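*Asks:* Sequence:
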Amino acid sequence: MQGSESKDLENRPLSLIYQLEPELFGNYPSDTFPLLIKIINAKRDLSLQVHPNDLQAKIMENQRYGKDECWLILKKSLLTKISVGVKINNLPYVKKFVLSGKAEKIANVFLLGKKRAFYIPAGTMHALKKNTIVYELQQPSDLTYRISDYGRLENGKLRTLHLEKAVKTLTPIQEHDYSLSIKELKTRPEKFGLTIMNNFDQHPLSDLTNYFVIATCLTNSGIIYGKNVKRLETFIVTNKELTTKEIIQQGKFAIA
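Count along the sequence shown from 1, add 990, and you get the number used in this note's numbering.
Any given hint might turn out to be false.
DEER-style ranges, computed between Cβ atoms [to be verified]: (1) K1242 with H1152: 23 to 29 Å; (2) K1065 with K1158: 48 to 54 Å; (3) Y1140 with P1003: 34 to 40 Å; (4) K1173 with Y1140: 31 to 37 Å; (5) T1134 with S1196: 33 to 39 Å; (6) H1166 with I1030: 18 to 24 Å; (7) L1143 with E1236: 51 to 57 Å; (8) H1152 with L1101: 24 to 30 Å; (9) K1173 with L1006: 32 to 38 Å; (10) D1132 with Q1239: 44 to 50 Å; (11) D1167 with P1082: 22 to 28 Å.
Rather than coming from a laboratory, the hints here were simulated on the basis of the structure. Model, not experiment: these values are computed from the prediction. Beta carbons: idealized from backbone N, C-alpha and C, even for Gly.
Sequences are here, hints too, so could you generate the full structure?
*Replies:* Here it is, written out as structure tokens:
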């Protein structure tokens, strides 16, 4: 948020601002803030997990949102791997492996290579691997069913797994490449879109939405709306600011 708006709203939680000042968000048709953005620095392999869809979240947890998500890879090594989906195209067998604690054997693990973006719809078994930093855009949900944590201990105990719920949310297995081109990030995910813009893309953000956007600087520094920002600094562009042209003077930004 820019100018007097940001000063007036300083130190207020976003959830409260969203409720009190709906016009800033173009009166977005949701009673809760619709997106969640995380920067994840995976210094070790993260747990193998799955998320429910909206209907499953309502039935199983009495919550409004499940969790579709997408990843934009920010940093990796030449040997960095990722786990998305499974290696066998048979849902009953997948469930059998999960319930018997052998899900790691069927996890689809591969080198990232030149792949930079992934769409992880609800029901997809997945895990980030060590030495990866990602920008994660997702629905506003914390529902996660852990399938495997590789037998690691936390405070001397194994972390809780959620195998029974996990098998209820795994989707029918299909041959699928979860990687996306940067261009496909804008349209492929069903619940949200992500656009990468730099100082050569000077069309107004109103071309993307009638509501508001969330901007994150992806380069070491940037200038947007005349404001100097640092890498991974994130802020909201309010509804009335969307029609401004030449918004990015320097750098590259993720626009959600």
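*Asks:* Which of the numbered hints are not met once you compare them with the structure shown?
*Replies:* 1, 2 and 10
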